[in-house]
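J.: Below, each chain spelled out in residue letters.
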Amino acid sequence: GAGVSQSPRYKVAKRGQDVALRCDPISGHVSLFWYQQALGQGPEFLTYFQNEAQLDKSGLPSDRFFAERPEGSVSTLKIQRTQQEDSAVYLCASSKSGRETQYFGPGTRLLVL
Amino acid sequence: GQNIDQPTEMTATEGAIVQINCTYQTSGFNGLFWYQQHAGEAPTFLSYNVLDGLEEKGRFSSFLSRSKGYSYLLLKELQMKDSASYLCAVRGTSGTYKYIFGTGTRLKVLA
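If you're matching them up, the sequences are chains A and B in order.
All residue numbers for the first sequence refer to the working numbering, where the first residue is 1 and numbers rise by one.
All residue numbers for the second sequence refer to the working numbering, where the first residue is 1001 and numbers rise by one.
Treat the hints as calculated values from the structure; they're not laboratory data.
Careful: at least some of the hints might be erroneous.
[To be verified] Restricting the straight-line Cα-Cα distance to at most 30 Å, the calculated cross-link-like pairs of lysine-lysine (DSSO-like) are:
id, chain 1, residue 1, chain 2, residue 2
1, A, K57, A, K78
2, A, K11, A, K78
3, A, K96, B, K1057
4, B, K1108, B, K1057
5, B, K1108, B, K1068
6, A, K11, B, K1081
Work out the full structure: start from the sequences and follow the hints.
T.: This is the structure in structure tokens:
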């Protein structure tokens, strides 16, 4: 079956611009996670949804970062007033439930100039 | 605090065996995962350990010792396509299912 998909795959933004990154999880997966991966580093947790409820947003680095999953399926990660330090790969992962293995999408590579 | 340590880089020869170690110190433990990540691609799931011992899956095996906060990934009969980063991740205690990742070990397989 189809895996996790993310769009766009690449995004170049000017500093101060707002961006929106989309994640389509595997159909039927209840849990959805966002991670940020800097070059040469492991992914770092940003936020976690169970259906439409955002249960953990402790990893969001600032109030410029906002995530939503209004119908419990597709999720959007929005970054307002982007800064150069926001440049990274943003990975989305989904799982059948919180306890199940997470499956990752290909990521969105964001470059802020 | 939360800390996961892995070697940064390893090199091995095609056909050989390589062991990638991972040590962790986390405030809660609910399983340890290994993922493979080729450059520019998504991490793909390799193995999962929650109880002590060895889990074998084809050419890949993973070991866990919870008392020592230690795991390793064993890759046998190395192939060129195994050149990738290998990520060790620990899942937190119930209520928050986030993974805490190490920085990854970049494995180069030489002919």
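J.: Need the list of violated hint numbers for this structure, in ascending order.
T.: none
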